[in-house]
Amino acid sequence: MSDSTKFVGEGEFYSVGTGLTDPAAPDGDIETRWERRKFAAKLVNPANRRKHKVIVVGTGLAGGAAGASLAEQGYHVVQFCFQDSPRRAHSIAAQGGINAAKNYRNDGDSVYRLFYDTVKGGDFRGRESNIHRLAENSVKIIDQCVAQGVPFAREYSGLLDTRSFGGVQVQRTFYARGQTGQQLLIGAYQALSKQIDAGNVEMHARHEMLDLIIVDGRARGIVARNLVTGELSTHLGDAVVLATGGYGNVFFLSTNAKGSNTSAIWRAHRRGAYFGNPCYTQIHPTCIPRSGDHQSKLTLMSESLRNDGRIWVPKQMGDNRPPEQIPEDERDYYLERIYPAFGNLVPRDIASRAAKNVCDEGRGVGPGGQGVYLDFADAIARMGEDTVREKYGNLFDMYARITAENPYKQPMRIYPAVHYTMGGLWVDYDLQTTIPGLFAAGEANFSDHGANRLGASALMQGLSDGYFILPNTVNHYIASNKFAAVPTDAPDVVEVETLVKERIEKLLSINGDRTVDSFHKELGQIMWDYCGMARNDAGLRKAISEIRHLRDEFWKRVKVPGTGAELNQSLEKANRVADFIELGELMCIDALMREESCGGHFREESQTPDGEAARQDDKFSFVAAWEYGGQGRFGTTGGDPVLHQEELIFDYVHPAQRSYA
Amino acid sequence: MKLKLKIWRQKNAADAGAMVSYDIDGVSPDMSFLEMLDTLNEKLILDGEDPVAFDHDCREGICGSCGVVINGEAHGPEQTTACQLHMRAFSDGEEIIIEPWRAAPFPVIKDLVVNRSAFDRIIGAGGYITAPTGSAPEGNSTRIPKPDADEAFANATCIGCGACVAACPNGSASLFVSAKVTHLNLLPQGQPERESRVLNMVEQMDAEGFGGCTNTGMCTVSCPKEIPFVSIANLNKEYRRAVKSGRKG
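Heads up: the protein sequence lines correspond to chains A and X, in order.
Residues in the first sequence are numbered from 1 upward in steps of one, following the UniProt record's numbering.
Residues in the second sequence are numbered from 1 upward in steps of one, following the UniProt record's numbering.
Accuracy of the hints is not assured; some may be wrong.
Stated by the list, open to error - Pairs of lysine-lysine, BS3-like flavour, derived with a Cα cap of 25 Å: (1) A:K140 x X:K146; (2) A:K556 x X:K43; (3) A:K559 x X:K146; (4) A:K521 x A:K482; (5) A:K258 x X:K11; (6) A:K482 x A:K6; (7) X:K4 x A:K506; (8) X:K43 x X:K4; (9) A:K506 x A:K258; (10) X:K6 x X:K43; (11) A:K506 x X:K11; (12) A:K42 x A:K6; (13) A:K38 x A:K258; (14) A:K258 x X:K43; (15) A:K521 x X:K43; (16) A:K542 x A:K501; (17) A:K559 x X:K43; (18) A:K482 x A:K38; (19) A:K482 x A:K42; (20) X:K146 x X:K237; (21) A:K501 x X:K4; (22) A:K38 x A:K140.
I should point out that these hints are in silico values taken from the structure, not numbers from a laboratory.
Here chain X stands alone, though its shape is the one from the complex:
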């Protein structure tokens, strides 16, 4: 396949950045999207140009490192990560526009690489269950009904890639936060910190500059792990409950 790529190039956070066009030939439909970029980079290096920087690591769709906006869609035309998107999703001769995640709390570091450490700070604010090493009770002493366990699991699959933020017109992190809140607040182990967790995480989310949720739903459409939209409703419910309880974090 022959493709025309338009890629966002930005030397560093201070640089203005611009779209740059590249022609690429010999792309196999079996290549992953990132392997296509690898191929481009090999050529750029030999031509004495700076290769395109992009984040990636496991290339199995689980580490959450990769993420670019492809033709206007976070992670591209299929509901998966960029590393698991294959070139068979594109046709010969197509023009592909590749941009970084765009959201104020995710500043660009270089080219397609952005800084997502805001997510880590949200988790640090309350996205955990306090269980210090070495004092845990016997595992089966806490029974969890299978439906609760399954729902907690479905939310625990979030990989923190940030596609939800990139896809949201408001740059909201509600889906990310709701996944963690739903996962932990559903479990009996998560009850002691139930209220403080949601209050602190929401407060941190706002402090980082993420926008509010207006039920647009683009987040769930772009989420490679299919975190359900209803989790955001659950986040709101948990938040109201926590405010009413008066238990500050």
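Here chain A stands alone, though its shape is the one from the complex:
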């Protein structure tokens, strides 16, 4: 923690407020913290639960699991998703797998080892207590999903199969071919569907949350827009759970679904919820390179491919020969060379940065030189094409479809891309934000993974939050408070409704000369260039200034056709892009302040003599929790954000510079 030295940009872009502590942080032995927390939690009599309404926004792994579990407990759940069905949440696209400390392989795995690997893999920017709880829950998640009929891969013995994943040396990843997220989500969706059918969950599909309602300092409801009719509606309840996913689409090009957005958590932030570590973005190393300016999104190839694929580029700069004509001794298997212990299985940030480095050197392959080879020739020679097809077939098919190249015959080309955001709403150990009664789960919270999410851990976190944590902590919150009914004409409710209406009318009335997408693409380019894999002081200052200019332009020149009283996809996008612009600025401010390299975030001013990321624990061992600066409307910020620091304490896993050599 720093108190004597000033941070970069302090006073210029933001101010520093008081420190922040987690009011729900447990103490004592780490192994028993969660058990003791659960026992200390207050309970609600089963007969009284049905009198309480819980609003859940989002239906992915975290939201779907939470909605189903809270309804099973007896709460009346009012749930929302912007897709046409809860089954389509973006969790469905996760490919590789989900970690669990089952030690089925007898390879020395344990809850403690999963905890240890995750703290270390998060580059010591996550909370020990939360991560230990995640590791504990991992074991129960597999059991829960198997019981639901999730068809995990199995061995001939009929037992569950596992594989290894980037960044770890045990086989703890459970998977369902390359469609693990789909299968886990369908499990949660089916559990949720049963509760919808039983009338315990009131499901609002094709609805989008546009603002949060706070009464007497507590979250009591939301304003939502029916995306089909345009109708605005107010929903009131006793607690609100936001499980709305990540904000990687701030970069325009990312592996996120096109509809993934930040609006729900950003509006909550504007109403007082602190935003944790906004600049923490995971860049995934194995993505299909972009093919042109028309590209609307990027497609990931599962990281599990790195188990058997070997990554290389030509040794010579500008070697344009087709891969099969480049002899073995003219290839640079750079990950195996630089990191012999982990080789191609180094963590995502290391693999991503190494790929960027060789491409920056001019050794990249494919059109534009923004690519490296992921080669299965050795794997096919070793285990045969059929076995490779059995393990990765659907990924190979997907690659062939997108690129029109046959990856069984020639190596795939991959390049890093924005994949996951570790930042999000700041939450305490109970997953409660700084607004009482407002909870955030899954990718929407600032997450347990620190600065560098390891593979196969996001699915684990979403389900842990949804199935096992919120059902306890929301219960405790409801048992600990009294809830007077909120009249629908209460001034706090009417004010929010009015503001939402004004904002929609404003967007529709500008009638400028630029499309929403043109702004989104421009924002994305700024973010990728200056707040992507590598950052520096000058670049971030430039980005902040360009984003502020872009924000002004947006509110003067955006063109949104149609009306508010219909299905209007341009209006939906405009609402979201306006939020992305504001969030993008905060991400750059956060990145400017954090003058260290950490996890996936390479600050050029902070590196070791051999070019590896240099963390600065003495100054930055904290969570950056940002308080919204003012009541700016329609493109004005109002005031500078305020930085609150939550100190991170490591009693069990002691910070050391990571080494994968």
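Fit chain X to the given chain A structure using the hints.
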């Protein structure tokens, strides 16, 4: 590439709707079909026209949101989703006819967007295994023979896009229902609700107004996830078994 598009435009569910022609230029063969529509929409917006509404989200062929009938075929000429169909499947100068899914249980919302919530209600009627949170036994205590696990998996890959219904001359949802029934009824965990599941799901499918199956087979040809035709035979087998058992849902 230069293309002539004929697209179904319909303002809302009450509107009659009509085909409208658009010329588009500068289409790259590397574009996905939806990126081609994005390009058209950017132009329409700047021209002051209403862009074409279509459903999409992941654009990776897994969420099941997208789906349009292209030149008479659900998801177009290749066995994939519209988002994974690329413009290299078409030739320069070609005319492309783009329509929404057409089936009474999938009413049009706007342009190419339809309402598929009938599928959700079918799942709600029994397409699940009841396993309340927190009471599950140890995962490896239930062994499942690999062939059963594989067959269950092959059926579990259904993305609920509705192409099977759109492709079927009867508007039948049999392939969708059979995939779920086969996935869950094959597993030991799915046995307690085996009979009630199939009876309730079929009853709901009929109530939603989906047509019956006459073994035309267009559903499997159009299914982007290659759900096998034999699953429908399995659905019929499971249904007969459930009726005989006399266990009502």
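Against the structure, the hints:
1. A:K140 x X:K146: holds (23 Å)
2. A:K556 x X:K43: holds (20 Å)
3. A:K559 x X:K146: The hint is violated at about 55 Å.
4. A:K521 x A:K482: violated (47 Å)
5. A:K258 x X:K11: Between K258 of chain A and K11 of chain X the Cα gap is close to 23 Å, so the pair holds against 25 Å.
6. A:K482 x A:K6: violated (43 Å)
7. X:K4 x A:K506: violated (36 Å)
8. X:K43 x X:K4: holds (15 Å)
9. A:K506 x A:K258: holds (24 Å)
10. X:K6 x X:K43: holds (16 Å)
11. A:K506 x X:K11: holds (23 Å)
12. A:K42 x A:K6: violated (43 Å)
13. A:K38 x A:K258: Roughly 38 Å separates the two Cα atoms, so the pair is violated.
14. A:K258 x X:K43: holds (19 Å)
15. A:K521 x X:K43: Status holds; Cα separation ~16 Å.
16. A:K542 x A:K501: Between K542 of chain A and K501 of chain A the Cα gap is close to 34 Å, so the pair fails against 25 Å, i.e. violated.
17. A:K559 x X:K43: holds (12 Å)
18. A:K482 x A:K38: holds (21 Å)
19. A:K482 x A:K42: holds (13 Å)
20. X:K146 x X:K237: holds (22 Å)
21. A:K501 x X:K4: violated (39 Å)
22. A:K38 x A:K140: holds (15 Å)
In summary, the structure is inconsistent with hints 3, 4, 6, 7, 12, 13, 16 and 21 from the numbered list given earlier, while agreeing with the others.
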